[in-house]
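> Here is how the chains run, residue by residue.
There are 2 protein chains.
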Amino acid sequence: MNKAILFLALLCTFLLQAQSEDEKQIRAIYDAALTEAKAYDWLNHLSNQIGGRLSGSVQAQQAVEYTKEQLEDLGLDRVWLQPVMVPKWVRGTPEFAYIENKPGVTNNVPICALGGSVATPDGGLKAEVIEVQGIEELEAIGRDSIEGKIVFYNRPMDPTKISTFSAYSGCVDQRYSGAAEAGKYGAAGVIVRSMNLRLDDLPHTGSMSYGETPVEKRIPAAAISTNGAELLSTTLKLNPNIKFYFKQSCKQYPDVESYNVIGEIRGSEHPEEIMVVGGHLDSWDLGDGSHDDGAGCVQSMEVLHLFKKIGYKPKRTLRVVMFMNEENGLRGGNKYAQVAKSKNEQHVFALESDAGGFTPRGFSFDTDEANFEQVQSWKPLFEPYMIHLFVKGGSGADIGPLKDEDLVLAGLRPDSQRYFDHHHAENDTFEHVNKRELELGAATMASLVYLVDKYGIIKSKKVKG
Amino acid sequence: MNKAILFLALLCTFLLQAQSEDEKQIRAIYDAALTEAKAYDWLNHLSNQIGGRLSGSVQAQQAVEYTKEQLEDLGLDRVWLQPVMVPKWVRGTPEFAYIENKPGVTNNVPICALGGSVATPDGGLKAEVIEVQGIEELEAIGRDSIEGKIVFYNRPMDPTKISTFSAYSGCVDQRYSGAAEAGKYGAAGVIVRSMNLRLDDLPHTGSMSYGETPVEKRIPAAAISTNGAELLSTTLKLNPNIKFYFKQSCKQYPDVESYNVIGEIRGSEHPEEIMVVGGHLDSWDLGDGSHDDGAGCVQSMEVLHLFKKIGYKPKRTLRVVMFMNEENGLRGGNKYAQVAKSKNEQHVFALESDAGGFTPRGFSFDTDEANFEQVQSWKPLFEPYMIHLFVKGGSGADIGPLKDEDLVLAGLRPDSQRYFDHHHAENDTFEHVNKRELELGAATMASLVYLVDKYGIIKSKKVKG
Numbered sequence: 001m002n003k004a005i006l007f008l009a010l011l012c013t014f015l016l017q018a019q020s021e022d023e024k025q026i027r028a029i030y031d032a033a034l035t036e037a038k039a040y041d042w043l044n045h046l047s048n049q050i051g052g053r054l055s056g057s058v059q060a061q062q063a064v065e066y067t068k069e070q071l072e073d074l075g076l077d078r079v080w081l082q083p084v085m086v087p088k089w090v091r092g093t094p095e096f097a098y099i100e101n102k103p104g105v106t107n108n109v110p111i112c113a114l115g116g117s118v119a120t121p122d123g124g125l126k127a128e129v130i131e132v133q134g135i136e137e138l139e140a141i142g143r144d145s146i147e148g149k150i151v152f153y154n155r156p157m158d159p160t161k162i163s164t165f166s167a168y169s170g171c172v173d174q175r176y177s178g179a180a181e182a183g184k185y186g187a188a189g190v191i192v193r194s195m196n197l198r199l200d201d202l203p204h205t206g207s208m209s210y211g212e213t214p215v216e217k218r219i220p221a222a223a224i225s226t227n228g229a230e231l232l233s234t235t236l237k238l239n240p241n242i243k244f245y246f247k248q249s250c251k252q253y254p255d256v257e258s259y260n261v262i263g264e265i266r267g268s269e270h271p272e273e274i275m276v277v278g279g280h281l282d283s284w285d286l287g288d289g290s291h292d293d294g295a296g297c298v299q300s301m302e303v304l305h306l307f308k309k310i311g312y313k314p315k316r317t318l319r320v321v322m323f324m325n326e327e328n329g330l331r332g333g334n335k336y337a338q339v340a341k342s343k344n345e346q347h348v349f350a351l352e353s354d355a356g357g358f359t360p361r362g363f364s365f366d367t368d369e370a371n372f373e374q375v376q377s378w379k380p381l382f383e384p385y386m387i388h389l390f391v392k393g394g395s396g397a398d399i400g401p402l403k404d405e406d407l408v409l410a411g412l413r414p415d416s417q418r419y420f421d422h423h424h425a426e427n428d429t430f431e432h433v434n435k436r437e438l439e440l441g442a443a444t445m446a447s448l449v450y451l452v453d454k455y456g457i458i459k460s461k462k463v464k465g
Numbered sequence: 001m002n003k004a005i006l007f008l009a010l011l012c013t014f015l016l017q018a019q020s021e022d023e024k025q026i027r028a029i030y031d032a033a034l035t036e037a038k039a040y041d042w043l044n045h046l047s048n049q050i051g052g053r054l055s056g057s058v059q060a061q062q063a064v065e066y067t068k069e070q071l072e073d074l075g076l077d078r079v080w081l082q083p084v085m086v087p088k089w090v091r092g093t094p095e096f097a098y099i100e101n102k103p104g105v106t107n108n109v110p111i112c113a114l115g116g117s118v119a120t121p122d123g124g125l126k127a128e129v130i131e132v133q134g135i136e137e138l139e140a141i142g143r144d145s146i147e148g149k150i151v152f153y154n155r156p157m158d159p160t161k162i163s164t165f166s167a168y169s170g171c172v173d174q175r176y177s178g179a180a181e182a183g184k185y186g187a188a189g190v191i192v193r194s195m196n197l198r199l200d201d202l203p204h205t206g207s208m209s210y211g212e213t214p215v216e217k218r219i220p221a222a223a224i225s226t227n228g229a230e231l232l233s234t235t236l237k238l239n240p241n242i243k244f245y246f247k248q249s250c251k252q253y254p255d256v257e258s259y260n261v262i263g264e265i266r267g268s269e270h271p272e273e274i275m276v277v278g279g280h281l282d283s284w285d286l287g288d289g290s291h292d293d294g295a296g297c298v299q300s301m302e303v304l305h306l307f308k309k310i311g312y313k314p315k316r317t318l319r320v321v322m323f324m325n326e327e328n329g330l331r332g333g334n335k336y337a338q339v340a341k342s343k344n345e346q347h348v349f350a351l352e353s354d355a356g357g358f359t360p361r362g363f364s365f366d367t368d369e370a371n372f373e374q375v376q377s378w379k380p381l382f383e384p385y386m387i388h389l390f391v392k393g394g395s396g397a398d399i400g401p402l403k404d405e406d407l408v409l410a411g412l413r414p415d416s417q418r419y420f421d422h423h424h425a426e427n428d429t430f431e432h433v434n435k436r437e438l439e440l441g442a443a444t445m446a447s448l449v450y451l452v453d454k455y456g457i458i459k460s461k462k463v464k465g
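Those protein sequence lines, which keep their order, are chains A and B.
The first sequence: position 156 = 156 (my numbering), numbered continuously.
The second sequence: position 168 = 168 (my numbering), numbered continuously.
Some hints here could point you the wrong way.
Subject to a maximum C-alpha distance of 25 Å in a straight line, what follows is the list of computed BS3-like cross-link-like pairs (lysine-lysine) [what the hints assert, rightly or not]:
no.: 1; chain 1: B; residue 1: 126; chain 2: A; residue 2: 161
no.: 2; chain 1: A; residue 1: 308; chain 2: B; residue 2: 184
no.: 3; chain 1: A; residue 1: 379; chain 2: B; residue 2: 126
no.: 4; chain 1: B; residue 1: 392; chain 2: A; residue 2: 379
no.: 5; chain 1: A; residue 1: 217; chain 2: A; residue 2: 88
no.: 6; chain 1: B; residue 1: 68; chain 2: B; residue 2: 313
no.: 7; chain 1: A; residue 1: 88; chain 2: A; residue 2: 68
no.: 8; chain 1: A; residue 1: 379; chain 2: B; residue 2: 161
no.: 9; chain 1: B; residue 1: 313; chain 2: B; residue 2: 126
no.: 10; chain 1: A; residue 1: 309; chain 2: B; residue 2: 161
no.: 11; chain 1: B; residue 1: 315; chain 2: B; residue 2: 68
no.: 12; chain 1: B; residue 1: 379; chain 2: A; residue 2: 161
no.: 13; chain 1: B; residue 1: 184; chain 2: B; residue 2: 126
no.: 14; chain 1: A; residue 1: 392; chain 2: B; residue 2: 38
no.: 15; chain 1: B; residue 1: 161; chain 2: A; residue 2: 38
no.: 16; chain 1: A; residue 1: 24; chain 2: A; residue 2: 454
no.: 17; chain 1: A; residue 1: 126; chain 2: A; residue 2: 217
no.: 18; chain 1: A; residue 1: 161; chain 2: B; residue 2: 309
no.: 19; chain 1: A; residue 1: 251; chain 2: A; residue 2: 68
no.: 20; chain 1: B; residue 1: 392; chain 2: A; residue 2: 161
no.: 21; chain 1: A; residue 1: 24; chain 2: B; residue 2: 38
no.: 22; chain 1: B; residue 1: 184; chain 2: A; residue 2: 161
Just so you know, the hints here were simulated from the structure itself, not pulled from any lab data.
With the hints as extra help, turn the sequences into a complete structure.
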């Protein structure tokens, strides 16, 4: 009896100390992030000295070189570039569009080519417009009413979704597949309402795909600002026979070589177990890619910097990966997973930040029940930092290809309300990232990585580390 | 046994239905807020058509008239103005300041008079500077080293506090009492580092008090931008004998009459029980007062609008109160409580929004354990809306004077990271308020009011309603 009580007392003491050790380390991580972080300065350079970094561009190469240098300055155990062939799509001269109410009476509207689109003919494209709320309407409308016209996809994001990412998911098929689908009915081009919950004058680009459409049947696709979409829709209601004109000179070039940028701290006890933190280094060309995904890159680099600052040496190998080409190809993510597999590397954890540099709210996890329970048990440690969200769901596009039975995938979940105001548009710029919010995100990531490193993941087939 | 099971089954059915009714109503509130709210348009008018609304100003009067009209348009049961005498302090011509490295070699720095300060002499004030980290240093430094000098309070907000309001609380004594305290040691004036976590060029004003200092002994007080404070501090380290010059022409006028703006929906079952939602209508003069506290006013008005929109008739009387003079006197809050007491009104609940129009995170409550437990039991209803924070703490300055045993006080707690970037400065403007974030705040308030109305509060002495 006395022995049992003694044992319990010792166990309690041990558990309390363990708890308090974790609390202390996490406090140290947040303190360092809010006073000594480099993330904001790194982002300033990426955004203001380099700018938009579309795959295959000079800026993308500059970003590769800059982040590699910065990782080297951190004194990591190893920093390297992983070659990957990426698509090269170039916007060309600024796009131009107008609504023609009648010959000579026009209203200019802001548009931008969707990433991957073909150009219009040199003189532009002018045609009547047929407005739809989605791809599924095309069949009912039929080829006779679509042929030769511009299909105008105008389904807005649903404002009642609390997560704006859900609203985005409910619309983005128009942008991604709208041209391929409309092309099947003989459309001459497509105009897509920007994926933006706000009414403003900025067109939002983003990737699109022609699927199996043969090259000669591909039709040009552009995004129109939300205000432009409202004007076009209203104008069509008054007169369905108005015409729309747009001109764009974008072009797809042959693939070019680029790189994933990788740095690592070798694990002190289980170097063979690899934890990845990452974001994507490429960005759309209209803004400077501060939120998408400069923020995720510098936060990921910051995780390693914070560990150095607080003197925490991970037991497992910690890698930061700046993936290339998330936006229009995911070549970097695929290449990283392919190399990892070919080398038989044992990845146990991967965390991506690719939802903006806003106040962190928590994480979503793509994992089994046992590991989800373990991360849930860490929630109280995050409470003092206003981190409440531990949910099942997606992680990040770039780390998705790593998916495996014994790998916990996670995504940082920042506040999403402002994200699509800036996403893929010319106002995704540095001044819209708040320094503290960015740093809190990095600290939140580092704290989760610290816990995963300390306690390991629960493995289904292999021995626990 | 069978009867017991039947009873349990019925109880479960009842509880599930009750839950599902609440879920339905709260969903309806959020849907209406995100699609039909007026808050953003109201704020646009307050901010862009009226602007900064310091007590006693023409703009404050315009805000009284505008919000009264808008409440009347909502078709409430009663809308009225409650007269209250308020202080009238006027900034005068723009302030001017420089650091004089040596005669003829100067650096201009951005300052603004603190609210309530006296003017400098007409020609300005020039003196040597003594930098301190807080009021408590004055005694050790002593009169000999302070007399005739400008005391420069330079203790920054603590960046490691997760809630920026905690960081603010840790500094604001310098602004509020710095002049009164330095005056006791013969200081000629005081310069206070702006209450801002960011390094920038904007001075942040705010209220200060001379306490018991006789009129003839009052010394002028101004805030300096954080960059200005850094420059001044660095300059002093290089040469402690540099001088600082500043000039301001602010003035306190006799009190003038103003108003609290009040509207109410009369309760259908317990009209004698009053629930208040509110914010303060006055704001500082440098910006347009969008976050502080235009947002809180329009969110409070929105609560009543949302109830109308979803067709919910409160059982208890619901009042919106736009308090006058929170910023430099709290006269409106005091007057409202005084009138309520003199009329023996039975206030059961008061909720203030005065922490910015950012993404809502939850509430803090000033109440007893029984009621705190009740509101905690509602947490699951708020989970789908990413509202996690239900803590004990302060509520709001304006509703504080109502404090009573049988009254639950609450404050909306939005994300605080960006708040002090804008607080009391010229960049507290409309474009920094996000429409969705504002609307989510209003919906969150309305949902809590709905639950309080439906379930009542737990009373310590009176019969439960």
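> Taking only the CA atoms, is the gap from residue 68(B) to residue 313(B) under or equal to 25 Å?
holds (21 Å)
> Need the status of pair residue 184(B), residue 126(B): alpha-carbon distance at most 25 Å?
holds (19 Å)
> Between residue 379(A) and residue 126(B), is the straight-line Cα distance small enough, at 25 Å or below?
Status violated; Cα separation ~55 Å.
> With the threshold set at 25 Å, check whether the alpha-carbon distance from residue 126(B) to residue 161(A) stays at or below it.
With a Cα-Cα distance of about 58 Å, the restraint between residue 126(B) and residue 161(A) is violated, given a limit of 25 Å.
> Assess, step by step, whether the Cα of residue 217(A) is no farther than 25 Å from the Cα of residue 88(A), and give holds or violated.
Given pair residue 217(A), residue 88(A) holds - Cα atoms ~21 Å apart, limit 25 Å.
> Between residue 379(A) and residue 161(B), does the CA-CA distance stay at or below 25 Å?
This hinted pair holds, its Cα atoms lying about 19 Å apart.
> Would you check the hint for residue 161(B) and residue 38(A), treating anything up to 25 Å between C-alpha atoms as holding?
holds (19 Å)
> Between residue 392(B) and residue 379(A), does the CA-CA distance stay at or below 25 Å?
Roughly 20 Å separates the two Cα atoms, so the pair holds.
> Decide if the proposed pair is consistent with the structure: residue 126(A) and residue 217(A), CA atoms, cutoff 25 Å inclusive.
Since the Cα atoms of residue 126(A) and residue 217(A) sit roughly 17 Å apart, the hinted pair holds (cutoff 25 Å).
> Hey, residue 392(A) versus residue 38(B), does the alpha-carbon distance stay inside 25 Å?
With Cα atoms ~35 Å apart, residue 392(A) and residue 38(B) exceed 25 Å; violated.
> So if I understand the rule, the pair passes when the alpha-carbon distance is 25 Å or less; does residue 88(A) with residue 68(A) pass?
Holds, at about 22 Å.
> Please work out if residue 24(A) and residue 38(B) have their alpha carbons no farther apart than 25 Å.
The hint is violated at about 46 Å.
Checked against the numbered hints listed earlier, the structure breaks hints 1, 2, 3, 9, 14, 19, 20, 21 and 22; every other hint is satisfied.
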